[in-house]
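Q: Listed below are the residues making up each chain.
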Amino acid sequence: MTALTLTNVNKSFGPVHVLKDINIEVEDGEFVVFVGPSGCGKSTLLRVIAGLEDASSGEIRIADEVVNQTPPSKRGIAMVFQSYALYPHLNVRKNMSLALKQERQSAEVIEQRVSEASRMLDLDAYLDRFPSELSGGQRQRVAIGRAIVRQPKLFLFDEPLSNLDAALRMNTRIEIANLHDQLGASMIYVTHDQTEAMTLADKIVVLRDGRVEQVGSPMELYNNPVNQFVAGFLGSPAMNFLPAELMTPGDTRILGVRPEDLSIAGEGQIKAQVMHVEHLGGDTNVIATLGEHQITARLFGQHEVQAGQAISLGYSPDRTYFFDGDGQRLA
Amino acid sequence: MNKARTNPLNTAAMHGALILYTLIALFPVFVILINSFKTRKAIFREPLALPDADSFSLIGYQTVMKQGDFFLYFQNSLIVTVATLFFVLLFGAMAAFALSEYRFKGNTLMGLYLALGIMIPIRIGTVAILEMMVATGLVNSLWALILVYTAQGLPLAVFILSEFMRQVSDDLKNAGRIDGLTEYTIFFKLVLPLVRPAMATVAVFNMIPIWNDLWFPLILAPAEETKTLTLGSQVFIGQFVTDWNAVLSALSMAILPVLVLYVIFSRQLIRGITSGAVK
Numbered sequence: 010m011t012a013l014t015l016t017n018v019n020k021s022f023g024p025v026h027v028l029k030d031i032n033i034e035v036e037d038g039e040f041v042v043f044v045g046p047s048g049c050g051k052s053t054l055l056r057v058i059a060g061l062e063d064a065s066s067g068e069i070r071i072a073d074e075v076v077n078q079t080p081p082s083k084r085g086i087a088m089v090f091q092s093y094a095l096y097p098h099l100n101v102r103k104n105m106s107l108a109l110k111q112e113r114q115s116a117e118v119i120e121q122r123v124s125e126a127s128r129m130l131d132l133d134a135y136l137d138r139f140p141s142e143l144s145g146g147q148r149q150r151v152a153i154g155r156a157i158v159r160q161p162k163l164f165l166f167d168e169p170l171s172n173l174d175a176a177l178r179m180n181t182r183i184e185i186a187n188l189h190d191q192l193g194a195s196m197i198y199v200t201h202d203q204t205e206a207m208t209l210a211d212k213i214v215v216l217r218d219g220r221v222e223q224v225g226s227p228m229e230l231y232n233n234p235v236n237q238f239v240a241g242f243l244g245s246p247a248m249n250f251l252p253a254e255l256m257t258p259g260d261t262r263i264l265g266v267r268p269e270d271l272s273i274a275g276e277g278q279i280k281a282q283v284m285h286v287e288h289l290g291g292d293t294n295v296i297a298t299l300g301e302h303q304i305t306a307r308l309f310g311q312h313e314v315q316a317g318q319a320i321s322l323g324y325s326p327d328r329t330y331f332f333d334g335d336g337q338r339l340a
Numbered sequence: 016m017n018k019a020r021t022n023p024l025n026t027a028a029m030h031g032a033l034i035l036y037t038l039i040a041l042f043p044v045f046v047i048l049i050n051s052f053k054t055r056k057a058i059f060r061e062p063l064a065l066p067d068a069d070s071f072s073l074i075g076y077q078t079v080m081k082q083g084d085f086f087l088y089f090q091n092s093l094i095v096t097v098a099t100l101f102f103v104l105l106f107g108a109m110a111a112f113a114l115s116e117y118r119f120k121g122n123t124l125m126g127l128y129l130a131l132g133i134m135i136p137i138r139i140g141t142v143a144i145l146e147m148m149v150a151t152g153l154v155n156s157l158w159a160l161i162l163v164y165t166a167q168g169l170p171l172a173v174f175i176l177s178e179f180m181r182q183v184s185d186d187l188k189n190a191g192r193i194d195g196l197t198e199y200t201i202f203f204k205l206v207l208p209l210v211r212p213a214m215a216t217v218a219v220f221n222m223i224p225i226w227n228d229l230w231f232p233l234i235l236a237p238a239e240e241t242k243t244l245t246l247g248s249q250v251f252i253g254q255f256v257t258d259w260n261a262v263l264s265a266l267s268m269a270i271l272p273v274l275v276l277y278v279i280f281s282r283q284l285i286r287g288i289t290s291g292a293v294k
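Taken in order, these protein sequences are the chains called A and B.
Numbering-wise (the numbering used here), the first sequence opens with residue 10 and increments by one.
Numbering-wise (the numbering used here), the second sequence opens with residue 16 and increments by one.
Honestly, the hints are just simulated from the structure, not real lab data.
Cβ atoms here follow ideal geometry from the backbone N, Cα and C, with glycine treated the same way.
Keep in mind that the hints are not guaranteed to be accurate.
What the hints assert, rightly or not - Quick list of in silico lysine-lysine cross-link-like pairs, DSSO-like style, CA-CA up to 27 Å:
| id | chain 1 | residue 1 | chain 2 | residue 2 |
| --- | --- | --- | --- | --- |
| 1 | B | Lys204 | A | Lys110 |
| 2 | A | Lys110 | A | Lys83 |
| 3 | A | Lys103 | B | Lys204 |
Stated by the list, open to error - Calculated from the model, a selection of chain A residues having no Cβ within reach of chain B, i.e. all distances over 12 Å:
| id | residue |
| --- | --- |
| 4 | Glu125 |
| 5 | Val224 |
| 6 | Phe238 |
| 7 | Ala247 |
| 8 | Arg307 |
| 9 | Ser321 |
Given the sequences, and given the hints that come with them, work out the whole structure.
A: Right, dumping it as structure tokens:
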């Protein structure tokens, strides 16, 4: 069974064409991440799936049922928002149980589901507090709890970690991954952060300008990007792109090489000038310039490299990617 | 924090200015109040003196109580004001929600059309309104006043409230939709509580002109049983002789309910006026 099938989904706001012929399948129990730069339409796509926006054309199926005309609350989905969107006038318990009350579930079912969710998310101590009395991380857990109690066919996460600080973001990320394992539910997760995408996803959908650029597992996309955009978007620091003619005169292609595939070599292919060095302890990032081009090398361990120094970087030819002038990958 | 703000001289100057303004604003009220407790002679001899043993008199209040059915006027004013506020807030908030929340053809045009009412005084249409009221048989009923004041208050209410409703988080409304709340529940349970300060602002801005209005009560509902307080007080003002004791006493009593309503709304009001400025 597929949890979600999108067929030729289009969305326009007046003359602005935001989503262009989107075709995506989400298998049952799969964790799918929509990733892309801001303004690429990923949040709009999520809102179309949720039913908060109507698709201009195309078909949306959730659990093999066409839901184009179904209101959000009847689609069997639950959504977690970036801004938490907790009801300010209700305490945690009531925030979580409101949807169940609307579905006219019995008091026992509500009680049982709420206590189960609050146990999973460590919220037992806060059930009688109001959202204003909670920290950001706790609020986000309540928002997730509100989604869990509905036992939806499909979870939708809209950049749920963007409002949290770095440490909390990492913890919550792991919590969401655990949650996915425990519930075995189908989840769609929208983010602009490639780290979240790489760490959480079974399948990543890379979007740009309302189009799907590539779909695949994180490692597939990382090792085998179809174009320069996907290659540059996934991976941190990002892939280096240089005109190949710097190395081989007359070559019109664009050379792509990942920072970790570069190493300091006596007779390397690239001769550059070190501009800045980031010492991270475990890694050393060297940012160097080659004429007007900037190149980043990620060296494992600690290296004594000074800014201003001349450096020679080498790479192995089988760890390179080539793109044509339009950014399409060349074999 | 900013040094200039904690400077005691600046603080003193600021408070001085505020106190001065308070005095200026309260002075007429104070004069009305003290003079309402004085004899007629004392009012004219020393208008600013406090009532003492010689000049103290309740004659004004006695006249007011005897002449006309003052409690009825009072009740009429209260009914008209409270009912109008209710309708203005209810319909104003609903229209504002629709304008700020839903995309439909002519949304902007509708907003502009409603805002137009702020710029055009409703009194221009008095003759037409009177004709309409005569035709519908509403003359000399409180409904005539309530309807006119509601129409008068709506434009500003829609204008202010729609601005505030735009600031209510979209995510919150969408969370409600996904949880299966109806649009009415979202409006009443989620959005209205969040724009309460703005509602209080609208209520106060509408309340005082309605309570004090003489024009429409005089034209649309001058009958004895529908007289408002302001209109009722006019019987003491004659072309040649004015019963100042009675006028001042009536005015003193008229201030009271407005004061009470103001206190109810004021805590919200202060938040409403300053919100956005200090976040």
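Q: Now tell me if each hint is right for this structure.
A: Now for the hints, and whether the structure bears them out:
Between the alpha carbons of B:Lys204 and A:Lys110 the distance comes to roughly 15 Å, so the proposed pair stays at or under 27 Å and holds. Among the hinted pairs, A:Lys110 with A:Lys83 is consistent with the structure: their alpha-carbon atoms are about 14 Å apart, no more than 27 Å. As the CA atoms of A:Lys103 and B:Lys204 are separated by approximately 13 Å, the hinted pair is consistent with the 27 Å bound. With a least beta-carbon separation of about 18 Å from chain B, A:Glu125 lies farther than 12 Å from that chain, consistent with its non-interface assignment.
Distance to chain B confirms A:Val224 as a non-interface residue, since its nearest Cβ pair spans about 26 Å, more than 12 Å. Here A:Phe238 stays apart from chain B, with its beta-carbon at least about 29 Å from theirs, past the 12 Å limit. Remark: the non-interface label on A:Ala247 is consistent with the geometry, its nearest Cβ contact in chain B lying 30 Å away (cut-off 12 Å). Distance to chain B confirms A:Arg307 as a non-interface residue, since its nearest Cβ pair spans about 37 Å, more than 12 Å.
Taking the minimum C-beta to C-beta distance to chain B, about 52 Å, the non-interface status of A:Ser321 holds against the 12 Å cut.
Of the hints listed earlier, there is not a single one the structure fails to meet.
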